[in-house]
Amino acid sequence: SAVISQKPSRDICQRGTSLTIQCQVDSQVTMMFWYRQQPGQSLTLIATANQGSEATYESGFVIDKFPISRPNLTFSTLTVSNMSPEDSSIYLCSVNRGDTIYFGEGSWLTVV
Amino acid sequence: EDQVTQSPEALRLQEGESSSLNCSYTVSGLRGLFWYRQDPGKGPEFLFTLYSAGEEKEKERLKATLTKKESFLHITAPKPEDSATYLCAVQAEGVSGGSNYKLTFGKGTLLTVNP
Chain U
1077 SAVISQKPSR DICQRGTSLT IQCQVDSQVT MMFWYRQQPG QSLTLIATAN QGSEATYESG
1137 FVIDKFPISR PNLTFSTLTV SNMSPEDSSI YLCSVNRGDT IYFGEGSWLT VV
Chain C
6 EDQVTQSPEA LRLQEGESSS LNCSYTVSGL RGLFWYRQDP GKGPEFLFTL YSAGEEKEKE
66 RLKATLTKKE SFLHITAPKP EDSATYLCAV QAEGVSGGSN YKLTFGKGTL LTVNP
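Chains as they are written, first to last, in the numbering used here: chain U, 1077 to 1188; chain C, 6 to 120.
Keep in mind the hints are simulated off the structure, nothing from the lab.
Don't take every hint at face value.
Claimed, not checked - Beta-carbon label-pair distances, calculated as ranges:
no. : chain 1 : residue 1 : chain 2 : residue 2 : range
1   : C       : Glu20     : U       : Glu1130   : 46 to 56 Å
2   : U       : Glu1130   : C       : Gly46     : 31 to 41 Å
3   : C       : Thr10     : U       : Thr1093   : 43 to 53 Å
4   : U       : Ser1077   : C       : Ala58     : 20 to 30 Å
5   : C       : Ala58     : U       : Gln1090   : 48 to 58 Å
6   : U       : Thr1186   : C       : Tyr56     : 35 to 45 Å
7   : C       : Ser29     : U       : Val1079   : 30 to 40 Å
Said to hold, decoys possible - From the derived model, a few chain U residues whose C-beta atoms are all more than 12 Å from chain C:
no. : residue
8   : Ala1078
9   : Pro1143
10  : Ser1164
Yeah, the Cβ is synthetic: ideal placement off N, Cα and C, and Gly gets one too.
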């Protein structure tokens, strides 16, 4: 398995502000993934973050809105920029160990 | 485009009443089908990965099966602690780079087991 820690676990944010979510993994991994889970919706992949290269974004997600950093093999950040109420979601960090995908506990953001 | 549909959306059982959850999928080529359990306020917890039609996996009261079009999660004699949302996801084959690990999820089935 994998131990994945996310900070913050919850936050209430003002409209128009930005928030950075941190993800720490218990051992080195090549790829880290960021997912979003909007209320009543499926988990959706935002982007894949490889250490030492630019993140790869899925259709419908852009770097200006969700900039990602991957400074080393155990850590990544996702920033949600210029937030609106539609960004109220759970943001989840995940990693693969072999063919298994593990998830962190999530960061629950509410934008008011 | 890969699609996953889970049914029912919600299921209420009495303790000991066995049942099944369904996951129907459309994918160009299946690399793996994943089942997760998600408790309120928590991230998804990995349960199973199935790779080919006919494969079955078991864990305690849960058994997952796979056909070419759907997967079932069978729950035998459930207990109240089995109450959770169960998520199904597919991973497509033949995609390069990081998206090779991309999971496409269904919306989940909310299972409630009453004592």
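Going through the hints against the structure:
| no. | hint | result |
| --- | --- | --- |
| 1 | C:Glu20 - U:Glu1130: 46 to 56 Å | 51 Å, holds |
| 2 | U:Glu1130 - C:Gly46: 31 to 41 Å | 33 Å, holds |
| 3 | C:Thr10 - U:Thr1093: 43 to 53 Å | 36 Å, violated |
| 4 | U:Ser1077 - C:Ala58: 20 to 30 Å | 27 Å, holds |
| 5 | C:Ala58 - U:Gln1090: 48 to 58 Å | 50 Å, holds |
| 6 | U:Thr1186 - C:Tyr56: 35 to 45 Å | 38 Å, holds |
| 7 | C:Ser29 - U:Val1079: 30 to 40 Å | 33 Å, holds |
| 8 | Ala1078 | 9 Å, violated |
| 9 | Pro1143 | 17 Å, holds |
| 10 | Ser1164 | 15 Å, holds |
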